[in-house]
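J.: Residue numbers (the numbering used here), protein chains in the order written: chain W, 2 to 219; chain E, 2 to 219.
A portion of the hints provided could be inaccurate.
The list makes no distinction among identical chains, and a pair is therefore deemed to hold if it is satisfied within one copy or across any two copies.
With a cut-off of at most 20 Å between alpha-carbon atoms, the simulated SDA-like pairs for lysine to any residue come out as follows [claimed, not checked]:
hint, residue 1, residue 2
1, LYS77, PRO175
2, LYS29, THR214
3, LYS77, PHE176
4, LYS77, ASN177
5, LYS77, TYR151
6, LYS77, ASP148
7, LYS77, GLU180
8, LYS77, ILE174
9, LYS29, ASP161
10, LYS29, GLN107
11, LYS189, GLY92
12, LYS189, SER71
13, LYS189, ALA70
14, LYS189, ARG102
Note that these hints are calculated values from the structure, not bench results.
Residues per chain are reported as follows:
2 protein chains.
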Amino acid sequence: MPKDIPVIEQILSANDQIAEQNRERLAKNRVHTINIMAAPGAGKTSLILSAIRGLRGIRRIGVIEGDVASDVDSVKIRQEGIPVVQINTGGGCHLDASQIRVALDQLPLNEIDLLFIENVGNLICPVGFDLGEQTRLAITSIPEGDDKPYKYPSIFHEVDALVISKIDLLPYIPFNIVEYRRLVRSIKPEIQLFEVSVVTGDGLAEWLEWLKTLSPRT
Amino acid sequence: MPKDIPVIEQILSANDQIAEQNRERLAKNRVHTINIMAAPGAGKTSLILSAIRGLRGIRRIGVIEGDVASDVDSVKIRQEGIPVVQINTGGGCHLDASQIRVALDQLPLNEIDLLFIENVGNLICPVGFDLGEQTRLAITSIPEGDDKPYKYPSIFHEVDALVISKIDLLPYIPFNIVEYRRLVRSIKPEIQLFEVSVVTGDGLAEWLEWLKTLSPRT
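Using the sequences provided together with the hints, build the complete structure.
T.: Rendered as structure tokens:
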């Protein structure tokens, strides 16, 4: 094949190379980074806000917000007095490592312990793109239904942790949470599982405790 | 540019060409086709099931199910005695016209009045791909929150109709439905809006009535 025709493998490895550079840069600055992936409306921003409020004075947090359009989420983060960068992808269905590299230039990395990257709302595309994070987290919400591991298996394979969100809605929605836990663990036995409601506060203590262990203060 | 290097414009137009062929074929068979697009868990399959049950004996329905993986949805459709074809995209985040062409070969088109295509659960990717449908429908559910038109404007621009689903959950979730209607209509003034709960049955009569007007029996 002629040298000047790019092939998919080269494009992917370009992303992986930049992701590796991001990871080294973050490690050098002692920033622990979590890439949060979920469907639209699963509660990504609310979960980040719960961490900001629950860890205030305990960990220094920064946020990169990924959206197709708008800055509604980053405005909420900014109101908490937290450094935040918004990435608008246009029509893009996921963030990539080069977008994160640009965003890192805008953040005071030496003043951040824990960096959340809120990926574009999507259960499919973000899974294939390493951003340079140390930890990959998915959120699935109770109203999305308990069949998601069958229909979107990759994301459950690929993440380190899963937050099952909106558990306050369990009384109103048919959702077999015992079976759901079993199914998720059958795909990924070592996954960290959290069951959380930001409305009632249920499960938030475990979620915050885990975030502290990820980013020990030095 | 050498002739043998495909460019994106040509690929897109190949999809559009096949979509046009699908549309002609469907018209010739007097099949009205609705492409349903929504985030994971918005209630696409439940809404299709409501139409199957509500229009039994009134319209003959067929279904094409698009999923990254699994056949859990098409099994539910099949249990209703309805012709259904499952398309599994592997990692693909949307259906395309050539997949639909193959699916149409598997369906008894002359015995179908109304064909639902359930696209892959995704608010972003499906919008750019004409499948040959006559009508484009989006579903957004109450638990996804009322900020979706800001964050995913394209889908609201591109559809003919929007079903706001799971309205039975309004008492438990902060969601300003008056503002949501206004916002959606500011993006697309002529959009058909339905507010539905398949649990309580609210709004189903209007939804079924509209489906009947789309596919007048000949």
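J.: Would you mind marking each hint as holding or not holding in the structure?
T.: Consistency of the hints with the structure:
| no. | hint | in the structure |
| --- | --- | --- |
| 1 | LYS77 <-> PRO175 | between (31 Å within a copy, 16 Å between copies) |
| 2 | LYS29 <-> THR214 | within (18 Å within a copy, 63 Å between copies) |
| 3 | LYS77 <-> PHE176 | between (30 Å within a copy, 17 Å between copies) |
| 4 | LYS77 <-> ASN177 | between (33 Å within a copy, 18 Å between copies) |
| 5 | LYS77 <-> TYR151 | between (33 Å within a copy, 14 Å between copies) |
| 6 | LYS77 <-> ASP148 | between (31 Å within a copy, 12 Å between copies) |
| 7 | LYS77 <-> GLU180 | between (35 Å within a copy, 19 Å between copies) |
| 8 | LYS77 <-> ILE174 | between (28 Å within a copy, 18 Å between copies) |
| 9 | LYS29 <-> ASP161 | neither (22 Å within a copy, 51 Å between copies) |
| 10 | LYS29 <-> GLN107 | within (16 Å within a copy, 57 Å between copies) |
| 11 | LYS189 <-> GLY92 | between (31 Å within a copy, 18 Å between copies) |
| 12 | LYS189 <-> SER71 | between (34 Å within a copy, 18 Å between copies) |
| 13 | LYS189 <-> ALA70 | between (33 Å within a copy, 17 Å between copies) |
| 14 | LYS189 <-> ARG102 | neither (30 Å within a copy, 36 Å between copies) |
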